[in-house]
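Listed in order, the protein sequences are those of chains H and B. So in my numbering, the last spot in the first sequence is 395, and the numbers never skip. So in my numbering, the last spot in the second sequence is 395, and the numbers never skip.
Since the hints were derived computationally from the structure, they do not count as laboratory data. Note that the coordinates shown come from a computational prediction; the quantities given were computed from them, not determined experimentally. There could be a bad hint or two in this list.
If several chains are the same, the list does not tell them apart, and a pair holds so long as it fits within one copy or across any two.
Unchecked claim - Heads up, simulated BS3-like pairs for lysine-lysine below, C-alpha to C-alpha not over 25 Å straight-line:
hint, residue 1, residue 2
1, Lys243, Lys133
2, Lys243, Lys208
3, Lys81, Lys335
4, Lys340, Lys229
Chain by chain, the residues run as shown.
There are 2 protein chains.
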Amino acid sequence: MTQKITIAIDAMGGSNAPKKNIEGLNIFLRKNKDKNDFIIKLYGKKDLIKEELSKFNISKDKVIIVPTEEVVSDEDTPMTAIKNAKNTSMWNSVKAQVEGGADISLSAGNTGVLLVISRMILKMMKEVSKPALAGLWPSKQGMSVVLDLGANIECDEKNLIDFSEMGAALFKSIFPDQKPYLSLLNIGSEEIKGTEMLKKAFARLKELSNEENFIFKGYIEGNNLMEGDTNVIVTDGFTGNVALKTAEGTAKFLTDSLKKSLTENIFSKFSIIFSYFSLKKFKSKLDPRKYNGAIFLGLNGPVVKSHGSTDSVGFYHSIDLCYKIIKGNLMGRIKNNLNHLNVKD
Amino acid sequence: MTQKITIAIDAMGGSNAPKKNIEGLNIFLRKNKDKNDFIIKLYGKKDLIKEELSKFNISKDKVIIVPTEEVVSDEDTPMTAIKNAKNTSMWNSVKAQVEGGADISLSAGNTGVLLVISRMILKMMKEVSKPALAGLWPSKQGMSVVLDLGANIECDEKNLIDFSEMGAALFKSIFPDQKPYLSLLNIGSEEIKGTEMLKKAFARLKELSNEENFIFKGYIEGNNLMEGDTNVIVTDGFTGNVALKTAEGTAKFLTDSLKKSLTENIFSKFSIIFSYFSLKKFKSKLDPRKYNGAIFLGLNGPVVKSHGSTDSVGFYHSIDLCYKIIKGNLMGRIKNNLNHLNVKD
Chain H
51 MTQKITIAID AMGGSNAPKK NIEGLNIFLR KNKDKNDFII KLYGKKDLIK EELSKFNISK
111 DKVIIVPTEE VVSDEDTPMT AIKNAKNTSM WNSVKAQVEG GADISLSAGN TGVLLVISRM
171 ILKMMKEVSK PALAGLWPSK QGMSVVLDLG ANIECDEKNL IDFSEMGAAL FKSIFPDQKP
231 YLSLLNIGSE EIKGTEMLKK AFARLKELSN EENFIFKGYI EGNNLMEGDT NVIVTDGFTG
291 NVALKTAEGT AKFLTDSLKK SLTENIFSKF SIIFSYFSLK KFKSKLDPRK YNGAIFLGLN
351 GPVVKSHGST DSVGFYHSID LCYKIIKGNL MGRIKNNLNH LNVKD
Chain B
51 MTQKITIAID AMGGSNAPKK NIEGLNIFLR KNKDKNDFII KLYGKKDLIK EELSKFNISK
111 DKVIIVPTEE VVSDEDTPMT AIKNAKNTSM WNSVKAQVEG GADISLSAGN TGVLLVISRM
171 ILKMMKEVSK PALAGLWPSK QGMSVVLDLG ANIECDEKNL IDFSEMGAAL FKSIFPDQKP
231 YLSLLNIGSE EIKGTEMLKK AFARLKELSN EENFIFKGYI EGNNLMEGDT NVIVTDGFTG
291 NVALKTAEGT AKFLTDSLKK SLTENIFSKF SIIFSYFSLK KFKSKLDPRK YNGAIFLGLN
351 GPVVKSHGST DSVGFYHSID LCYKIIKGNL MGRIKNNLNH LNVKD
């Protein structure tokens, strides 16, 4: 870690960049105006960034612009992107962890390209079998970490154990006051259920469970994901991706149906006035922008991927997540957890 | 098919049986009082069933009681259940398809035991590689069929093709006026995404796609499951089970949060009066009891599994589903669809 928490931001990634990125940064700076423990490095076209920055009263000692000429587009594939990669804002914002003194990188650009570039530049940690994409989920008791959300479509039990140690480290770094309770996603809660891979991972996690790293709670089924009794949920990337998107689709379906119901006649329209604040709170609690930011784990440095289509508030939450992760010493915790694995092996 | 649609019901399965089962039957009979094309056979303890039937004005020519002494409990495993199986209401309600003239069997009892017993009694269709559990999902455009929901935790491409043909047949039998649009659940919509198994199934389904059996629409992601653009969704039993339960959990989480929001203060409580009818409609559209009933496909006869904890309305919907399936000639359609497979092989 550098002396100050240094966040390298791809200012050109995502829809409506760099406008929403800089607006999001402005929200972050406003909310953290009393803190002096961080530096933001913005990678991208200098003139555009300067123009956006000039709209706000942004203190110059906390923000550094690093000019880059090219931008990775949504149409790029990892193959086409890497050809021109070295001049892009995405490449350089990740590379900043190797030679620019950054602790973490953030981009809202092309996901496939970001994963490949990150792996090329930062390399996999030697203790890790496969990297994983982790995300935050709302629960009745706060937030949970779920991984893998799609970095690996086929996994073995060794991968699931690594994901467990990394996911628990991530949870502890974001929520230092809470204990990580870890579960494996399965289609039943009894020990005998599931694939051979899950049964092997179950047995190993039972051995590894302890107060310091994580407390293993066994299997969890999809309907209990949001109960919050466990806060680190581990699965392969195919299942995790399907579960995440199914939850998103279900939430959208329900809120759309609700909206339709509440605006279909004059009485229900009238009722909205009365329930305005309650519904606002309901919406706010479940605002997906609060959970914006997937964390790519298992490389020699963390990379956060913001949704491309999020707005400035969503992008602010991703910057905040970067700050918390480094403040909470993610990399130190991951190394510690992976050592824990080796000791017992 | 017998002359009249004959439904064999395990009257003793599920919580609160046989009360809720008979109450559900009463709803079905009331709603179909002008029809004379069905017979209900009730399997279970004669005295208990008679007592429940006596509470309603039920026409004797549509309902036959077949006395059985034993009941499969929730604690039974397939092993313990099969020992005493031959005297149970569950065993005999399935056996009715072989020797009692029934077209379909319905139980709200122990799922694991029902699947094993059904397979033992009805045997797998010789054209099918593995049986599957199919369910109904709400969508913006009506209802979809999703399978496999958990009968097989590991599948190959041949299984997925069989599930496709059977799922499309099921959809057509329930919704004879609609065309089956079929998709494979995946973590991306591009043809190159996903496991080898999915890619092989994709290629084969593309060949098989036609107006008569099903129209193949390619891959679908979890967030689009409820859009309704496709109405037959095919996946392996592990993924399907996780998706189903995650959707259920998300819906519960959202409706619980909404309920909390709407009752937390006097203004929002007041608002409920105004939005009462809209919310009632919202709740009614999404009432899980309407989707109650998973269909076990691939045996020489269909078996419907109702949720054990559903109430009389949920159980009514399962009976109605049984009626529709047979009326829509499910078994004929499955055979036809599987023949279609063989012709092209």
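Now for the hints, and whether the structure bears them out:
1. For a Cα distance limit of 25 Å, the shortest separation of Lys243 from Lys133 across copies, 23 Å, qualifies, whereas the shortest one inside one copy, 47 Å, does not.
2. Taking CA atoms no more than 25 Å apart as the test, Lys243 paired with Lys208 passes in both settings, with 19 Å inside one copy and 24 Å between copies.
3. Taking CA atoms no more than 25 Å apart as the test, Lys81 paired with Lys335 passes inside one copy only; the shortest distance there is 19 Å, against 42 Å between copies.
4. In this homomeric assembly, Lys340 and Lys229 come within 25 Å of each other (Cα to Cα) only inside a single copy, at 21 Å, whereas the closest approach across copies is 40 Å.
Violated hints: none; the structure is consistent with every hint.
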